[in-house]
Amino acid sequence: MAALLTATCSDYSPEMVTTNIDMVADEAAWIRQAQRSDARAFEALYRMHVDKVYGLCLRMTGNVSEAEDCAQDAFIQAWNKLGKFRGDSAFATWLHRIAVNTVLGRIRKSKREQDRIQAVSDAATLSFIKDDAGELRDLSDAVNRLPSGARHVFVLHAVYGYSHDETGTMLGIAEGTSKAQFHRARRLLRQQLDDQGFEA
Amino acid sequence: MNEDKLVSTASRLTTEIAPERDLWPGIAEGIQAPRRQSWAPVFAQAAAIVLLIGASSAVTYVTVKGQQQPVTQVTPELMFEQTSFGGRYNLGPDFQDARAELATQLDVELAKLSPESRAEVEDNLEFVQKAIYEINQALAEEPNNALLQSKLLMAYREELSVLRRVGGLTRNVMMRNDI
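First to last, the sequence lines map onto chains Z and U. When we follow this note's numbering, the leftmost residue of the first sequence carries the number 10, and every step to the right adds one. When we follow this note's numbering, the leftmost residue of the second sequence carries the number 61, and every step to the right adds one.
It cannot be assumed that every hint is accurate.
Simulated restraints on C-beta separations [as the list claims (entries may be wrong)]:
id, chain 1, residue 1, chain 2, residue 2, range
1, Z, Ser46, U, Gln197, 34 to 40 Å
2, Z, Pro156, U, Asn204, 53 to 59 Å
3, Z, Ser74, U, Leu173, 37 to 43 Å
4, Z, Asp174, U, Ala206, 17 to 23 Å
Read the hints as simulated data drawn from the structure, not as lab findings. Cβ coordinates follow ideal geometry from the N, Cα and C atoms, glycine included.
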């Protein structure tokens with residue numbers, strides 16, 4: 010571990026990167042190296058944060074292949090914008106913002122969101138996130154069936170803990186709109202779960 | 061499930077999910093290209109504005125004058141002194157101050173650019189200033205031509221806009237009401 014923290018990024022082998030991502034890493038050093046176009050350092054950052062970014066993309070899109078594309082695009086955009094990262098916020102938060110923008114941008118450009126909604130509505134049950142279990146999986150599926158506006162707000166506010174102010178900023182909507190969408194999401198989710206016979 | 065419990069449960073949903081496949085190869089391929097230069101969109105916008113103004117001014121000039129005029133050497137220093145045509149559209153001192161300040165800032169910013177980028181910016185500005193000059197020439201003969209007056213104002217605004225974008229300035233720039 011000490012070697013990992015003191016070595017330069019160019020000393021890392023891919024094996025080191027993949028085997029040490031769950032350890033405490035010198036994120037700031039990797040960021041500095043990546044800002045100087047060190048792709049290996051950026052790979053280390055990717056491996057450290059991919060689960061967070063992909064998780065957000067999957068929650069927001071509700072579609073595995075779309076989430077994979079979004080996560081890839083988000084990291085490519087992060088690479089392009091890395092020079093502007095000044096550490097005013099946590100790197101993970103900065104990545105989250107890029108991921109949200111990527112998701113929204115792709116939805117605007119594509120009609121696949123409509124296809125996704127149709128596909129989801131046609132499916133009786135869709136347990137696409139295997140990490141959730143029991144009532145969490147049922148809620149996860151219900152969230153995935155929400156209309157996109159309500160789903161995005163619910164995911165960012167209720168699942169990821171962003172305030173309505175932050176959620177509104179990330180989604181480009183007013184704070185009040187975020188609150189309204191959140192109440193709409195709660196109501197729709199309760200109706201869905203009640204219909205499935207869930208008890209309080 | 062009541063709504064409070066629902067929200068409470070939602071906060072326990074997994075936030076970190078591992079993708080089913082390694083996404084890095086696609087990312088590695090995507091980042092092989094050189095980092096995008098932030099100047100590129102600015103140049104694209106400036107070029108589009110200049111082309112629009114140039115084409116619009118040319119059509120207006122030809123329409124109004126009805127015949128080709130000799131090519132005249134552009135003298136940017138005199139631009140603002142020559143804009144007193146049309147009593148309702150004189151340029152105020154504040155506008156001229158703002159333009160002079162932006163022009164000064166432009167020199168500083170231009171010095172930071174590569175020779176190619178600097179030449180591109182200078183070409184664009186020369187183009188728009190030439191359009192301004194030609195509209196002024198037309199206005200000299202028809203000072204009350206509303207179309208020309210409108211084109212002139214638009215051209216000045218666009219020049220300021222280009223200057224501001226090139227300089228990356230954030231200060232407020234004179235708008236139409238300041239003219």
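These are the hints, each one checked on the structure:
1. Z/Ser46 to U/Gln197: 34 to 40 Å: The hint (34 to 40 Å, Cβ to Cβ) is violated, given that Z/Ser46 and U/Gln197 are roughly 50 Å apart.
2. Z/Pro156 to U/Asn204: 53 to 59 Å: holds, 57 Å
3. Z/Ser74 to U/Leu173: 37 to 43 Å: holds, 42 Å
4. Z/Asp174 to U/Ala206: 17 to 23 Å: violated, 47 Å
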